[in-house]
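These protein sequence lines are chains A and B, in that order.
Take the first sequence: its position 87, counting from 1, is numbered 159 in my numbering, and each next residue is one higher.
Take the second sequence: its position 269, counting from 1, is numbered 1281 in my numbering, and each next residue is one higher.
Careful: at least some of the hints might be erroneous.
Listed next, the in silico DSS-like pairs over lysine-lysine satisfying Cα-Cα at most 25 angstroms (straight line) [to be verified]:
#1 K1359/B - K141/A
#2 K164/A - K1359/B
#3 K1432/B - K164/A
If the Cβ cut is set under 8 angstroms, some of the chain A residues that face chain B in the computed set are [as the list claims (entries may be wrong)]:
#4 L97
#5 D103
#6 I105
#7 Q108
#8 M156
#9 T159
#10 G161
#11 E163
#12 I165
#13 A166
Derived DEER-like restraints, expressed as beta-carbon distance ranges [as the list claims (entries may be wrong)]:
#14 T177/A - E1460/B: 57 to 63 angstroms
#15 F1476/B - G89/A: 28 to 34 angstroms
#16 G125/A - K1050/B: 41 to 47 angstroms
#17 I140/A - R1405/B: 23 to 29 angstroms
#18 I140/A - H1052/B: 18 to 24 angstroms
#19 K1377/B - T178/A: 47 to 53 angstroms
#20 P1049/B - G98/A: 36 to 42 angstroms
For the record, the hints were derived by calculation from the structure and aren't laboratory data.
Each residue gets a CB set at the ideal place from its N, CA and C atoms; glycine is no exception.
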Amino acid sequence: MSLEYQNAVKDLAFKYGPENLVVMLGFLDMDLIEIQAITMTDGDPSGVGSLSGVALRLKVYHILEPEIKSQIPQDVYQEQIGLMAITAGPEKIAKISELLQQLRTTR
Amino acid sequence: MKPVIKNYAYTMYHVPNLVRYGSKPMREIEKNPELYPKIHELLRSYFEAVSYPPNQVFIGNIKPDDLRAIPRPWFKNPAGAFRSGKFGEIFSEDEFLGLLKIADVHDYELIWLEKTFTAHVKNVLNENPILQETDLQKIGEGKSIQEIKEKLEKGENFSLPLLYENILVGCFNRSKDVHAQEDEALSPHHLMEGLVAKASGALALKHLIRREGIGPEEIDFILSCSEEAIGDRYNRGGGSLAKAMGEMCGCQNATGSDIKSFCVGPVYAIVFAASLVKAGVVKNVAVVGGGCLAKLGMKFQGHLASGMPIIEDTLASFAFLIAGDDKKSPIIRLDAIGKNNIKNAAKPESVTRAVVLEPLQKLGKKITDIDKYAVQLENPEITEPSKTGDVPRKNYDTIAALAVMNGEITPADMPAFREKHGMPGFSPTQGHVPAAVPYVGHAVEAMENGEIKNAMFVARGSFFLGRMTQLEDGMSFIIEKNPKRKEVKNV
């Protein structure tokens, strides 16, 4: 996760309190999803950015997760996210959901 | 008059010693000079670069689809090492330094090459039929190594060393005229970027003219879609590579200008060229894209980390001839140009709809009616180690998903759709070069062979990079087999 984004996330967390923030991911690369989610939960695993050793324990969600989808009007979701959902396919969505759910509950 | 793609040419230049002047390596080496020997160790030989399968696809010796049969990593599975291809050729670094000298306007003396090296370069280039005697004369006699070393002593702000096989063979200078001395837009590095684009684009243009069998004076108009902004401090992007390239190729009856739009530039240029022809403004338009020095070694850190060769060691360029209907070449459908309007902002889904689906709807066609989609064709072997992923694959996933949404295929058909309508990425990551157009030559051949009847070229660009807007850009055009083409039967 870029140093710039780490700084921005850290600033926001200090300003509003980590418990008042959720993170919404919107890309499909599994490696990136994992590394970003870990960075915002446990801190920067590469030890380079400003979140190194800073475990913000932010709640990280992906836009394709069912609990997010259910909160968005269906037509809007279909128009904006429909294509991404088809691209990902149900198996990948389940995988993303499982990974993030684990990070949200066990940390 | 319906515009057609009448001819095409593709050229490459293996320039390992110029990788240090790519934007990313240059910045990182400045911070940590110990990086340079590490990078140098992982650079490839000319033979390795020529036999690299994606490069053989680029110059037309291997079909894009046939790349699938060659196991990855491709750098460990060389193809035949043919420097000449059906579409052009791959220059070695000594040849390219000679070409740079040919591109250097005499009064400016931007590049000095050492005497013995100059003689060597002349010898090598003398055997290449693409260059004329008048080209070779421009190489001159060269300078002594002492003169070059003295020039370099003034520092990087005035002169940069040029190496061949890691040995000093010349230098790249600030222009010697008085106005250039304090102009930050005319620093040796900026001028090197410009001259690299000019020289590499001009060679592609020379190949185009040769392939078409016309005289250079028959070209009326040149559009450069090279990435470099040519200009001085008062107008950093105001200059023209198009005319500079045309001058170098003897296109005495042509004028032209530069088109830029990040990675979408070549698609804009082809659409503009086709429009000029259709409107009857001019007859023969050359669209030329020169190579991009700044992008060399752009993702070298990923390659370094995975211990693989630094495969962004090659510049690439292309040229297309757009002309009126000749009853055989593929037609560019100007009535179905895909454009991403400002209202679509940066929403990736809206961009794909706008540039893929909307033009097809205008023609009453479905997504599956297009035989081949050329998208951003970055070679995945370059991008994957730096976590950028397989760019063409992502694009094909999105187009396949659009076909699902459109009710044309089911989700289970998506992999087969990718295979049939897509292709593996094979283009060097040279900014504008991967913008769908590396497939033009292959598409024309596939139409001639009856393998496809149409193709769509889709390019995407990120305008946020220039910090003036956050808009995402995209544009597409469709080419179709010429209905007037008479089939020649093999006897």
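Hint check results:
1. About 18 angstroms separates the Cα atoms of K1359/B and K141/A, which keeps this hinted pair within 25 angstroms; it holds.
2. Among the hinted pairs, K164/A with K1359/B is consistent with the structure: their alpha-carbon atoms are about 22 angstroms apart, no more than 25 angstroms.
3. Taken as a hint, the K1432/B and K164/A pair is honoured in the structure, with Cα atoms around 23 angstroms apart against an allowance of 25 angstroms.
4. Because the beta carbon of L97/A sits about 14 angstroms from the nearest beta carbon in chain B, more than 8 angstroms, this interface hint is broken.
5. Evaluation of the D103/A hint against chain B yields a held restraint, the C-beta minimum of about 6 angstroms falling below 8 angstroms.
6. At its closest, the beta carbon of I105/A sits 12 angstroms from a beta carbon of chain B; the interface hint therefore is violated under the 8 angstroms criterion.
7. At a threshold of 8 angstroms, the smallest CB-CB gap from Q108/A to chain B is about 11 angstroms, leaving the interface hint violated.
8. For the restraint placing M156/A at the interface with chain B, the shortest Cβ-Cβ distance is roughly 7 angstroms, inside the 8 angstroms limit, so the hint holds.
9. Checking T159/A against chain B by beta carbon gives a least distance of about 4 angstroms; that is within 8 angstroms, so the hint holds.
10. Annotation: G161/A was flagged as interfacial toward chain B, and the flag holds, the nearest CB pair being 6 angstroms apart, inside 8 angstroms.
11. At a threshold of 8 angstroms, the smallest CB-CB gap from E163/A to chain B is about 10 angstroms, leaving the interface hint violated.
12. Because the smallest distance between the Cβ of I165/A and any Cβ of chain B comes to about 12 angstroms, over 8 angstroms, the interface hint for this residue is violated.
13. At a threshold of 8 angstroms, the smallest CB-CB gap from A166/A to chain B is about 14 angstroms, leaving the interface hint violated.
14. The hint said 57 to 63 angstroms for the Cβ distance between T177/A and E1460/B, and at roughly 60 angstroms that hint holds.
15. Here the CB-CB span from F1476/B to G89/A is close to 30 angstroms, well matched to the stated 28 to 34 angstroms.
16. Remark: the range hint 41 to 47 angstroms for G125/A to K1050/B is contradicted by a beta-carbon distance near 29 angstroms.
17. Separated by about 26 angstroms at the C-beta atoms, I140/A and R1405/B satisfy the suggested range of 23 to 29 angstroms.
18. Take I140/A and H1052/B: their Cβ atoms lie about 49 angstroms apart, and the range 18 to 24 angstroms is violated.
19. At roughly 50 angstroms, the beta carbons of K1377/B and T178/A sit within the given window of 47 to 53 angstroms.
20. Between P1049/B and G98/A the CB atoms are about 41 angstroms apart, so this pair conforms to the stated range of 36 to 42 angstroms.
Checked against the numbered hints above, the structure violates hints 4, 6, 7, 11, 12, 13, 16, 18; every other hint is satisfied.
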